[in-house]
Amino acid sequence: MSGLRPPLAPLLIALHSAACGAATFACEDDARCGDGGRCEPNGYCSFADLACASGRRFGEHAPAGIAGACVDGDVGTGDVSSGGGSSSSTGNASTGDSSSTAASTSVASTGEVTSTGDGGSSSSDSTDGGPTPVEVGPIAIATDLDDGAMWPTVMGEVGTWSPSGEVALGQAYLGEYPEGEPYWGYFRFQLPRALPAGTVVQGAVLTIDGHGTYQWDEQVHALRVWAERSDDAPQVEGLASLPGGDLVALTEASARWPATGGLAWSTDGSNASPDLAPLLQELVDDGGLVAGASVQLWVAADDLATQGHEVGWIDASGLDDREARLNLSLLLP
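1 is the number of the first residue of the sequence shown in my numbering; add one for each residue after it.
Because the hints were derived from the structure by calculation, they are not lab data. Be careful, since some hints might not be right.
[As the list claims (entries may be wrong)] Ranges of calculated distance between the beta carbons of each label pair, as one might list FRET restraints: (1) Gly269 / Leu50: 49 to 57 Å; (2) Ala249 / Ser54: 40 to 48 Å; (3) Gly262 / Thr143: 31 to 39 Å; (4) Gly34 / Glu218: 22 to 30 Å; (5) Gln307 / Asp268: 23 to 31 Å; (6) Glu218 / Gly68: 45 to 53 Å; (7) Gly198 / Leu239: 56 to 64 Å; (8) Asp285 / Ala64: 28 to 36 Å.
Note that beta-carbon positions come from the ideal geometry of N, C-alpha and C, so glycine has one too.
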């Protein structure tokens, strides 16, 4: 691929910050809760109360719906009770046609939901008795070998695997290369919590930071995203891991990025995918995913009938903390 593209300008370091609201008080550890307080897995403080079956009750600064309620045995899901019994409930949601192109959606919530911003999650029951989505993420690429790019051995070209970016500073590409062949980018995320069978994936968004393009027509060209069909996707081992081979099978569901038209790729900021919920739902419906399991997404050009065209993205080996992120919105059983 060397010599095909003009020289790349130096990358700007992107600084990320998380905002927090003042309506509730979230904790990171027991020390934040004060005397006798304990920081529960959902990110809110509880205090000793023998009237509760669990012996703990959420403080007044927890979100509406759990403030002052007894801590249930599974506080990681946000289930609470008034006297020791669970008051959570489940509802039905449609994931759409898993074989069709997925379009961007937004998830409405009647309860308060907060995200820890470090791959964890927290939630509360809806004030009207219905379930509230659990927000998980952003989950960031953990190690350099959890993302990369590759193209196959075709048309006399020697296939190439770039686990740390194609050029300096973790700059990678994906799209179509050589002509008529997918230039794959892959992104592997470790789940901080389980997605058991029966979980409804209401939303899933992949965010990739860009750095440039090559022969990319934003009026025409688009990407397509698949998930690796596995209950715990292993790290890519080289060209043997190309999709369609013996090691990697992809989901039947896929999502065009964007749903219609061409993709205007940001070369100095973040690029958010359309909703990938049908891809993740296909994995959950195969038996669920345990905490710590890895989900791997594969991205390439949607239209392979044209000349080679690519978008540039920042690999986790880059020096400026701009690795890809995954956000999930779930309804737990």
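How the hints compare with the structure:
no.: 1; hint: Gly269 / Leu50: 49 to 57 Å; result: holds, 53 Å
no.: 2; hint: Ala249 / Ser54: 40 to 48 Å; result: holds, 43 Å
no.: 3; hint: Gly262 / Thr143: 31 to 39 Å; result: holds, 33 Å
no.: 4; hint: Gly34 / Glu218: 22 to 30 Å; result: violated, 53 Å
no.: 5; hint: Gln307 / Asp268: 23 to 31 Å; result: holds, 25 Å
no.: 6; hint: Glu218 / Gly68: 45 to 53 Å; result: holds, 52 Å
no.: 7; hint: Gly198 / Leu239: 56 to 64 Å; result: violated, 37 Å
no.: 8; hint: Asp285 / Ala64: 28 to 36 Å; result: holds, 33 Å
Taken one by one, the earlier hints fail for this structure at numbers 4 and 7, listed in ascending order.
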